[in-house]
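> Chains G and V, in that order, are what the protein sequence lines are.
Under numbering that gives the first Met the number 0, the residue at position 195 of the first sequence is numbered 194, and the numbers go up by one with no gaps.
Under numbering that gives the first Met the number 0, the residue at position 313 of the second sequence is numbered 312, and the numbers go up by one with no gaps.
Hints may contain errors.
Said to hold, decoys possible - Only some residues are given here: those of chain V computed to face chain G with a beta carbon under 10 Å: (1) Gly37; (2) Ala281; (3) Gly369.
Claimed, not checked - Simulated coverage check for chain G against chain V, where a stretch passes if three residues somewhere in it have a Cβ under 8 Å from a Cβ of chain V: (4) 19-27; (5) 62-71.
Derived from the structure by calculation, the hints contain no laboratory data.
These numbers come from a predicted model, not from an experiment.
By construction, the Cβ of each residue, glycine as well, lies at the ideal position given by its N, Cα and C atoms.
Here are the chains, one letter per residue:
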Amino acid sequence: MSTTIPADTTDARSGRCWVLGDDINTDYLAPGKYMKFGIEDIARHCLEDVLPPFAAQVQAGDVIIAGRNFGAGSSREQAVEVLRHLGVQCVVARSFAGLFYRNGFNLGLPLLLGACRTWGVESENRPQRDQFLPDLQPNSRAIGQKDGEKWAAAVDLQPTISKTDRLLGPATLDAPAWGIAPGTPARLDLAQARLQLPGGPLTCQPIPPHLLALVADGGLVPHLRKRIERQRQPDTQP
Amino acid sequence: MPSTLAQKLVARACGQPQVQPGEIVTCRVDLAMMHDSGGPRRLKPHLDALGVRVWDPERIVVVTDHFVPAGDAGSRQIVQLARDWVREQGIRHFYDEQGICHVVTPRHGHLRPGLFAVGGDSHSCTGGAFGAYMFGIGATEMLGVVVTGEIWLRVPHTIAMDWHGRLSPGVCAKDMMLHLCTRFGMDGGQYEAVEYRGEAVRALSMNERMTLANMTAELGGQVGLVAPDATTAEWLRGVGVPEDALQGLQQWQSDADAPLLAHHRLDAAALAPQVSLPGSPAQAQEAATLAGERLDIAYIGACTGAKLDDLRMAAQVLRGRRVAAGVRLQVAPASAEDQRQAAAEGVLQVLQDAGAELLPNACGACAGYGAHVFGPDTAVISTTARNFTGRMGAASSRVLLGSPYTVAASAATGHITDPRELLV
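Only chain V is shown next, with the shape it has when bound in the complex (with noise of 0.2 Å):
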């Protein structure tokens, strides 16, 4: 019986041959990767009162990036109880401070394709872009993933988004992503497993790919996936996973007359830089038609934005240029490594020599969590997923999302500016 990629990966966690649609199974988990705001602060109180340790201290990813840089003495105190359990709970696999979970966990080679894991964050989704079925949970159900190495699961239907034809210059993920949430809605994933394929998506390189998989989040899927390819495997062997992990990644995708709950098609060539009104992903339109509304800051960060790819789309646009007066661009790489490679390759510079400020490798303003927000009534375009109102500062802020290219052009000019006119 054909199966999904979706399905597949299901099976092969579950230990069955084969499972359809809409069963229920259980499935192992090879890998739980936590935060600081959802992981050790919310288990701790609960294994100490079960009287348990984690099952597995080497399947467990723990990351600081929501707290930190830690301001206050609550911030502190969560990043403290971070470091103090991982060292009482054996868990070697300890990030700190060095940039969010969703980029660091990939960069440190723990995902790789066929491999079912969990993450406690919306956001978890983003593994799949290596192919991999990672979704994210709770801290509740984190719980009970470390107490027992097991999840519950219903197999999900897949819905593919196949996109023909190649981007243009200056169009990117995001641009994809944000459409897709506005024709689909929020909701349009409908908790099934997303597959992005078709040429404009294998043309998409490694940090693209996980921008697809990342802003499934935000389509409303489980899962975003990515069958793996030879773009894939070069990827993670830079990253240091070993060759006989890479073996048989072909038997990682879909067979050909699979059932699909949908089959969109999609056409990249037609696809112009996208941008969403404040309140919702799901509501962008043709970032040209937009030109011209007055910007105070333009935000290049988040899992989503500020990967090193989106750095170079930044810098591709700035080389040469000089932040609008009156704007404030504000850059906080997803990663310390990101930003190692940015500064290496001179896109950093070309970064700060056009005025931007460089904030810490963590998720900062995307999480509104810290003291990076943006105040009352002030006027923002970012790279980050989410622009619901207050959450990234002051419920009057309005927050418009784009691309790199989308972000970084606005910037040079005042206001919202179709890139590619930057670009020529």
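With the rest of the complex left out, here is chain G (with noise of 0.2 Å):
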């Protein structure tokens, strides 16, 4: 990996608020037509059909909002390698896709949700509006009123996936998530998973703590290393 995330997970970096809607898919941040070159070139080409000036401007210590669903598609990790080369230091999302937020962690992008999950709003456990507080920042465990239990285990291990947003509308550029206007500066307190911001912070779920080591070892490469070192020399460790 050509950059490095600070290991200390109590750094507290700045930037600024690059704002996307919902559903950034795999495609938009790491390019088919660009996966034979490597991560410099599709680096290039970052979210070119949705935010061209992004790939040129964006900063080290920069933080991405996004809508629902960010990173949905393919598997293809380019997609968070581009974003760790260009400099983003977290990205805060309603939901991630699955597979996207493995790939996240495993290459030491923390990904935050800023949104609580409810039930499928089409299922039989249709949710009614008084069940939960969309915008009330996600603590998921007042959430589950029907089956709080199971709810608050999900929540907090799991990568995905808010159906507020359905109830709450779209997230677009005009409309971003939790209303924050791009360009506004962001410091991100990563241990206490919550970004500041100037009219207050956005609390984010917590990362659940093997996904934070993590993250503290600088992915899973680095973390395989420790791994693989340990086995070989059995004796030095406690």
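With the hints in hand, could you dock these two chains into one complex?
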């Protein structure tokens, strides 16, 4: 990997917000026609079909704010790598595609869920509007009234996927998630899963411990290296 | 305690008697499948740097499908690296330019009920059609698998898609999935297990069940499962899976009272042919409502849309017909074996007589990596899975999605057509 995120997860860095809508897919992030090239070339075309100035203007420490289902589509982890390469320090979204979520942490890019999860709106367990508070920041334990225990487990440990958005309406460039305007300065406090903004903090769901450990190691590759070194030198470990 | 099929598969793989949704477990991987794009070229540098080899070459399947046929130096280098790497690692299960991994892998008997498998591609959930817990992962995660033979998993909840009744003629699995994506959204699967059940699903062929499982990726599920039955066993016998591996299939199904995250009941008989508008599979309408929209290209390809049964559907529409003037029909059979069988049955001849151009057995325009992509402003109807802006060529190309029936019918008329009009 060509860039690294500081191993200290309490580190707080500043940047500006780039705002995107719902369903930002991996083809937008890492277009197929450039996939045979190296990461620098792919990164130059990152988001060119939806946010043309992004690749040229993004700066180290910047943050992406997105709607639901960020990273939908392919397994290609160049979609994460380009963001790392361009210096994006985290993505905050209402929800992530599960495969992208795993890829993010495997490459050491923190992904933060800024919205709560509810029942599928068309399921037989149809939620009532008063069962959750869509814009109340997501301590989801407060939400699962029907089946609170199962709910809390799902929320705390799992990558995806908010159905509140269906009732919230789509996130767009004009109506960004949480009303965060493009260019807003932001500071990430990873340990607290909190994005500090001028108008107050956006509190996100806590990152599960085993994934926080992955980010602390800098991703899965350094994590594996540690594991292999441990196995090779069993006597030197406590 | 009653369990879903997904829970049973995960419990076996992590060596526990039972697992609960939400639990984080570590599973042993029975099979790791990868292709030329996300596989060897991404793994080799890390394996070399770590100084380790793959944990078990017998459990690895490598398929070249994304950068083949290699049309330029960069692509040739990627494919050659894959060829060299499988030799170096002693991997026997290597299928070079034989077709798309999601079709080639089961066709060689690598998938069977009860397995826990990962694939280096988002459509790896296709394996769920065989009652295997199979899902897509990225290349770094694949590195973790080939080094350790393990992967972490959050035990999923299950969303049941219960299709009662029977599909009407000219309607197929692709229509079911475009409908589900549209109704529930591309995140409707919530990265949980989606289980397809009901009379209409039981009646589907294995190729059709593969289409359901495959497009679980577009529905946003982690896996798309169909409980194995006699249809599964018969198909697997046909590809040489030994009889002892087919014993005890009945254990791989959800208990009747296992808790579900959601249970959707859907009427197969009421479903009409679906066409998704450019940009997303989750914007389908009934084909009839879009009738008349002009087309330049009709594309029958991809793991989800050019298996033997898909080619048969297209031929059923096109028998005795010609592609409309000004329209190109392109057919890229999903694997060499599907193409061979289609040729033996006369299906391929029907398509060629209708004017189809035959393209290589590869991901082709669906992945958008190679030479076969669509030019500016081209209007396309395609049997593939994703029509994101710019994915299959120029950002200004307009790609609609439909079933093989619908794509074939639209090729014959030159505009979007409900295939039932030509099937009477």
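> Under the constraints set out in the numbered hints, which ones does this structure not fulfil?
none
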